[in-house]
Structures are given as structure tokens and as C-alpha cells.
Amino acid sequence: MKNIPAWLVFASGSAFFAGATAILAKLGVEGLSSNLATFIRTAVVLLITAGLVSARSEWAWPAQGTGVEPLTFLVLSGVATGLSWLCYFRALQLAPVSLVAPVDKLSVAFAIVLGIVILGEPLTWQLALGALLIVAGVLVIALA
31 MKNIPAWLVF
41 ASGSAFFAGA
51 TAILAKLGVE
61 GLSSNLATFI
71 RTAVVLLITA
81 GLVSARSEWA
91 WPAQGTGVEP
101 LTFLVLSGVA
111 TGLSWLCYFR
121 ALQLAPVSLV
131 APVDKLSVAF
141 AIVLGIVILG
151 EPLTWQLALG
161 ALLIVAGVLV
171 IALA
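In the working numbering, the protein residues as written are 31 to 174.
What you were told as hints is all true, and nothing was included just to trick you.
Cβ-Cβ distance ranges computed for the label pairs, FRET-style: (1) Arg86 <-> Ala172: 39 to 45 Å; (2) Lys32 <-> Thr79: 29 to 35 Å; (3) Gly61 <-> Leu157: 38 to 44 Å; (4) Ile146 <-> Val170: 20 to 26 Å.
These are computed hints drawn from the structure, not numbers from a lab. Computed from a predicted model, the values in this text were never measured in an experiment. Glycine residues also receive a C-beta, built at the ideal position from the N, C-alpha and C atoms.
Construct the entire structure; sequences and hints are all you get.
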């Protein structure tokens, strides 16, 4: 068996945990404000990540070659994540997870388009077809 690339292992872990998140979040928002549920989830993520950074002694900011720009983009990414989670938890209160989770995965298609437009990543026919299939799948599920 060939060696599996590390990025694929972590991306697969991300997909698995995101799927589990949908089910656990749906169970967690019942009878609770979606905003409070998002806060609790965020606090847990903060604690776990702080523990990991501490355990790996990664608190040091690179001495040179790194200005304020990466921090600005990370803050903006945090804002986008927070808004995404707030919308996601509210959607879970309003609809079944089997509808909300697939629509949420349109983020993949958005990321592909933004990667091409903003980052200049190449558009291949496989990437275009994959994005179109994701969108088609979401439409089939959401409009059923």
C-alpha cells in the first residue's frame, strides 16, 4: 500500500469530525439558544487548542519575516468562522441535520471559487466538475 499523504489524513479527519459535529450540534441546540450553543462550542475549541499549543510549546510568534498581515487574516478568518457557526447552529434549530449539513458543505464550492479568484489557484476540469457535482447534490437534497 502506498503511503497516504499527511494532508489527506488530516482532511479526512476534518471531514469525519465535521460530520460528527453536525449530529452532536443538532442534539446540543435543542432547548438552548443557538448563540449560547455557539459560545459553548467556541469555548471548548479554545480550551482544546490552547492545550495543544501549550503541549507543543508553540506560543512563540516567528521573529522575522512575519508582519501584522497574517494576524489580520487570522482575525478575519475567526470572524468568518464565528459567523458561519452562528448561522449553522441557528439553521440546525430550524431544520433537520440531513438538510442543513449538505447545504453547509456548499462551503467547498465557495472555497474552490475563492481559491481561484483570490489566490490564483488553477481551475482544472476535475475541479470544476467536482464543484458542480457538489452544487448539484446540494440542490437535489435541499429542493426535495
